[in-house]
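Student: One-letter residues, chain by chain:
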Amino acid sequence: MDPSTDPESSRSISGLMVVDDDEDILFTVHSLFRKRPFPVFLAHSGKECLDYLEKGFKGVILMDIMMPGLDGWETIQEIVNRDLMHDLIISMFTAKDVPDTTLDHLKEYVFDYITKPFEPENLIALVDDYITMLG
Amino acid sequence: MNILIIGSSTGGPRVIFDIFTGIPAVPMAIVIVQHMPESTTSRFARRLAQLSSMDVIVPKGGEVLKHGSLYITPGDNHLIFKNNDTMVLEKSEKVNFVRPSVDVTMLSLSPDPRHSYYGIILSGMGSDGAQGLSYMKKIGAQVFIQDPDTCTIKSMPEAAFRLTDVDRVLSPEEIHNFIISIK
Chain A
1 MDPSTDPESS RSISGLMVVD DDEDILFTVH SLFRKRPFPV FLAHSGKECL
51 DYLEKGFKGV ILMDIMMPGL DGWETIQEIV NRDLMHDLII SMFTAKDVPD
101 TTLDHLKEYV FDYITKPFEP ENLIALVDDY ITMLG
Chain B
136 MNILIIGSST GGPRVIFDIF TGIPAVPMAI VIVQHMPEST TSRFARRLAQ
186 LSSMDVIVPK GGEVLKHGSL YITPGDNHLI FKNNDTMVLE KSEKVNFVRP
236 SVDVTMLSLS PDPRHSYYGI ILSGMGSDGA QGLSYMKKIG AQVFIQDPDT
286 CTIKSMPEAA FRLTDVDRVL SPEEIHNFII SIK
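Those protein sequence lines, which keep their order, are chains A and B.
Note that this note's numbering numbers the first sequence so that position 98 is 98, with each residue one more than the last.
Note that this note's numbering numbers the second sequence so that position 159 is 294, with each residue one more than the last.
The following block holds chain B by itself, in its conformation from the complex:
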């Protein structure tokens, strides 16, 4: 299975809307970890369902990843993977001052010959996702950051770039094209 984890914070939602506008149901399970309050999650998901043809789901815990689905991590929960394909929600301590934390989700994956992993860090404050993306690279993922010049706030992708030999630095349009190129 193709599994893409997208980490995003301040300034990320508008990029995510641009990326997913017109995205068909691609053969990939995509998990978005967006720093946001719990009350915003369902509205964020509904907007993405309007913009893309993917099956947009806010997991409640226990769901198994499926191609063509876009999973929105609910605010105030960490999302971790069990057996690399089942999503579990946790209300454990905040990490990097946030819950959900991108690092927590990415670090919960393990090498798995059944899957091709991909990771992307978008606009945001701080450094959440830097360790996670570095770890994903070590377990064989292709990893990317949003081009800092296209970010509202650069610090998250720049922190990831400092820690990881990323495969590519992509503009939002290139991220869109990358997603629809997955066969």
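This is chain A alone, in the form it adopts within the complex:
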């Protein structure tokens, strides 16, 4: 499923959303999860992520930090400001292995922190766990 071509398909659907401006990362993650029993949504920017959420997306979000426009932290702040933080598990998805401590005020909204490059098996296991948790 490539919902990026059909945003309306995201209405009230639980699944996985990858937010990253790197097309290669989106392609790789989509390939890893395409056979899982849940939809995978690809957002190329923080704004696109917010659009999916406004349309009812619930589920697990893998959020890149460094993106043009809204970065990952600003996107999470906007999710909180718009009261969209319901039935979501957000994990940062980043090449930075040490988080910026000035962003302490957003830590309660970040369940996990996955660094790139990642081990595919580990990423699948983790996302499966969180999807199971959201039920």
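These are calculated hints, taken from the structure and not from any lab test.
Among these hints, one or two may not hold up.
[Unchecked claim] Under 10 Å between C-beta atoms, here's a sample of chain B residues computed to sit facing chain A:
(1) H202
(2) G203
(3) V233
(4) P235
(5) G259
Since this is a predicted model, take the numbers as computed values, not measurements.
Note that CB positions come from ideal geometry on N, CA and C, so glycine has one too.
For this one, chain A is given, so just place chain B on it according to the hints.
Tutor: Structure of chain B alone, referenced to chain A:
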């Protein structure tokens, strides 16, 4: 009563799932203070109920601690103890930028000959729990941190380590074994 307080933030949930997988109903009351949004709490609790044999409870306030129970502090609430065994929820100001705060829960305990206290700080950003763990040590608790080398984010256990002469530094597997060793 044996009372264990576990403080956890970013990267902690996956460790908590590992720790509690296969945990029987141990003679200990365990309180988890996980930084998370309120809407996630019930799902987090349900997953832990699937993984362990403990009685998993999201307190509403007023509950008295019982052995064999695992209490999940609800998001957007501080959990404080009254008389060291009754849980009270508060929506007072955030502490260390968070609600629930690990420090708030740990600092609400007082020395009590009826109880053996234990405290653990797991993976997370910032320093929440450092003061609380130091205080718990001062009132006679055994205190531990997750081995920073096994943490997704090290800053919370490292902050606690800087402030406190911890009893042991434990891997998730060792924390699991510690919990099931309680008799």
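Student: With a cut-off of 10 Å on the beta carbons, see whether P235 of chain B makes it to chain A.
Tutor: 9 Å, holds
Student: Closer than 10 Å between Cβ atoms is the bar; does G203 of chain B clear it against chain A? Give me holds or violated.
Tutor: 23 Å, violated
Student: Less than 10 Å between beta-carbons is the criterion; does H202 of chain B satisfy it with respect to chain A?
Tutor: 26 Å, violated
Student: Return the status of the interface hint for G259 of chain B: holds when the least beta-carbon distance to chain A is below 10 Å, violated otherwise.
Tutor: This interface hint holds because 7 Å falls under the 10 Å limit.
Student: Holds or violated: is there a CB of chain A closer than 10 Å to the CB of V233 of chain B?
Tutor: 5 Å, holds
Of the hints listed earlier, those the structure fails to meet are numbers 1 and 2, in rising order.
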